[in-house]
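Chains as they are written, first to last, in the working numbering: chain A, 76 to 542; chain B, 76 to 542.
Incorrect hints may appear among the rest.
The list cannot tell twin chains apart, which means a pair is met if one copy fits it or any two copies do.
Stated by the list, open to error - Below, computed lysine to aspartate or glutamate pairings styled on DMTMM-like, alpha-carbon distance capped at 25 Å:
(1) K294 <-> E408
(2) K294 <-> E409
(3) K294 <-> D225
(4) K294 <-> D366
(5) K294 <-> D527
(6) K294 <-> E251
Simulated from the structure, these hints should not be mistaken for lab results.
Number of protein chains: 2
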Amino acid sequence: MTDSWATFGADLHLDLSAGRGLRAGLTEALREAARSGRLAAGTRLPSSRSLAADLGIARNTVAEAYAELVAEGWLTARQGSGTRVAERARPRRSAAATAVRVRRPARGRPAYNLQPGSPDLSAFPRAAWLTAARRALTDAPNEAFGYALDPRGRIELREALAGYLARARGVYADPERIVLCAGFVHGLTLLAGMLRARRVREVAVEGYGLDIHRDLLAKAGLRTRPLGVDEEGARTGELGAGAGAVLLTPAHQFPTGVALTPARRAAAVDWARTTGGLILEDDYDGEFRYDRQPVGALQGLDPDRVVYLGTASKSLAPGLRMGWMVVPPGLVEEVLAVKGLTDWTSSALDQLTLAEFIRSGAYDRHVRGMRLRYRRRRDELLAAVAGRVGVSGIAAGLHAVLDLPEGATERSVIQSAAWQDLALGGLSRHRHPEADLPPRAAVVVGYGTPSDSAWTPALAALSAVLP
Amino acid sequence: MTDSWATFGADLHLDLSAGRGLRAGLTEALREAARSGRLAAGTRLPSSRSLAADLGIARNTVAEAYAELVAEGWLTARQGSGTRVAERARPRRSAAATAVRVRRPARGRPAYNLQPGSPDLSAFPRAAWLTAARRALTDAPNEAFGYALDPRGRIELREALAGYLARARGVYADPERIVLCAGFVHGLTLLAGMLRARRVREVAVEGYGLDIHRDLLAKAGLRTRPLGVDEEGARTGELGAGAGAVLLTPAHQFPTGVALTPARRAAAVDWARTTGGLILEDDYDGEFRYDRQPVGALQGLDPDRVVYLGTASKSLAPGLRMGWMVVPPGLVEEVLAVKGLTDWTSSALDQLTLAEFIRSGAYDRHVRGMRLRYRRRRDELLAAVAGRVGVSGIAAGLHAVLDLPEGATERSVIQSAAWQDLALGGLSRHRHPEADLPPRAAVVVGYGTPSDSAWTPALAALSAVLP
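Chain A extracted, bound-state conformation (with noise of 0.2 Å):
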């Protein structure tokens, strides 16, 4: 039986063989550290005097200690860099460690990356959301460190958000129904759990739309059911009594990118008066709009029924995991209970920084920024493409739907797109497995992906692979 000591001071933790003189005892717990590998090679050690200290025994029987295993290969001590685990000494790796696997999304990444649904990264505004933090750490009261006491999140970032999204988006926003969370799937698996709660069964979603957010709805035992979409967007006359709620993204259809039309808004909203049914309003890149069309959220329309949902993974960066939702008064109880009142998962900090971020007009900047760098972008896929295939969805948002002339095949345009080492997405792939949908041959172009190097070269290796 080992005797396990802690040094405290220096936080190296030690196991100190009882019933051995202090010395051999020191000796022997370093060696056995940096034999296992527990300490990896090139950790630095504390200094004899503090390790000394803190162990409360003689600074020499540390020195010799550590004396002794420099001449032993297991520490190096040079000047001024201290002493170190020596690079031989072999990591010890449980027996099943190198079997680890996870799959990862991606494999090898393409030179050129047209896929839709990131925006462009290289772009992130980062002297501005560090100027926002610093003012956000200074301003912040201490409380805002501790545990979250509002479930719904900070009401700082709530009523920064309220008042954006009812000037910039036209929705009806009270902080006191705002609910944030960390960016659109957990705020769908919120809501999924909600409708659960409920008993509803069924979900409308449009026929087009993200595999991942079918799955997330099935897997919280909602089954989906397709709605067409055709160039008004999705039709949601066809929506019927079976459906609690639907799934839709009126500013720019996903991925087909047309908008909603007045006449479908109405009736959706027409659909949830009568049926007591709930709107899922997925706002996902509203900010990006470069024609003046009709584009306000559709919560505008009737707060009382629609879930607005946002978030700042296209107009800021995915990496923030930043998302918030607009839920209808009467079910802001019903989305925290299954929110739960102890696992808030996004920082206080981040919060604070983003609302800052908002309130100083550093949003409103970087998006108008950015959403001249889409359209000038925008604008250059369409001349690049023109006569050569039909192109859609270009009014709004980061990506458009290029449809492919008779006989070309999408398999056929992103295989040779990926022998020039560019990643593109087929239309087909987002097609609900049981929607009612003419076929289509149609590649969708997410021209906010690359960073502004690489756009350019992108754009020419996607001109020459269509056909």
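Starting from the known structure of chain A, arrange chain B on it as the hints suggest.
Chain B in isolation, oriented as in the chain A frame:
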């Protein structure tokens, strides 16, 4: 039917009635936005030049509409502060808005708080954290701002933690087997899901522990069976074949404060090896130890049978929502299957900041500083209550247990504390309802909770209410 226009430059969304003059339409849309409360009082409108440019109309048209609404009292215009929505505009609230009521865990805050579970929030190292955030933001690769590619979390943080946990806590920590999470509750939720997927039905827990952890396990479909707790920690010899896992706090039992003895540790590991059971090690305040004593992580005894869980909630701040698990090799994929490939929950920037904070030595410095501060408070607590109550659990952590003398009840002491505006917690509320434990009247004093300035009066209030 109204047409809806969005003005993208200024990000002000307006509904312009069709079939009217431009100026009349604009005036009405602005009046409606202010009247309905969508634009809150005080909201600053874009300049007439900017709005005109965005709408593609003459600046005069906008200026006239603004002037008309100022005359009507809906807007105010002041030199240097621009045009804003006037205060008199009453916000429209949807019918049930005033009925939103959110249960908050905290009622009014007491003047002094000696309940356990929180570190001193006033000591959060704001400047050092900001320094780390600045470096992390500067050094971050662009992909860090995107959707996470590894469901375990950023490799930078997993590597920093592996080094720290090996050095300071005696953990065998391979970055490949570290899974980041948003705090202990999130981690335990993931493990509960993993255990359920393995068809485990019962988890042994300590007879004294946190009810939110027991409730979480129960909600996941796991029955909890209590172990006895005495002066050597949890009675791990009571572990039987029925439980598939055991949740332990070996470094500093919560709430009794004792360290699990070597014999009890060995018994737990023997049980795990014999039955194939799993040990979940909650190392919740492992960094804070004041006396030289055996306190390495239990995980060091058998990394193949122990899941180690740690967080930054006690060492830094709960508001960061940062936790980590060191998972046995064979279980990483099973844990990730529950975590999901799409919901990463914590911000990449926070992960990179914490990695930098650890790497730079700021984490060690902060922990050492806090250890001195908490030890001083512990000593002051001991001095203040000496001879009046039995004190235990004082070798480590942020709380101590005060056993009340014959005749005094928890309830009476907590009640008189409340009269002094002092929040105090009893021991009995942490008892598992089925635990076979001797009766014990005691209060659990969290001496880490107050700020430095509140500590002295809090201690005086405590002293006044003890029998």
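Outcome of the hint check:
In this homomeric assembly, K294 and E408 come within 25 Å of each other (Cα to Cα) both inside a single copy, at 23 Å, and across copies, at 19 Å. Proximity of K294 and E409 under a CA criterion of 25 Å is satisfied in both settings, with 20 Å inside one chain copy and 17 Å between copies. For the homomeric pair K294 and D225, the shortest alpha-carbon distance between copies (22 Å) is at most 25 Å, but the shortest distance inside one copy (28 Å) is not. For the identical chains of this complex, K294 and D366 are neighbours neither inside a copy (38 Å) nor across copies (50 Å), given an alpha-carbon limit of 25 Å.
When the C-alpha separation of K294 and D527 is checked against a cutoff of 25 Å, the pair qualifies neither within a copy, at 38 Å, nor between copies, at 49 Å. In the homo-oligomer, the alpha carbons of K294 and E251 never lie at most 25 Å apart, since the shortest distance is 30 Å inside one protomer and 28 Å across protomers.
In terms of the numbered hints stated before, the structure departs from hints 4, 5, 6, listed from lowest to highest.
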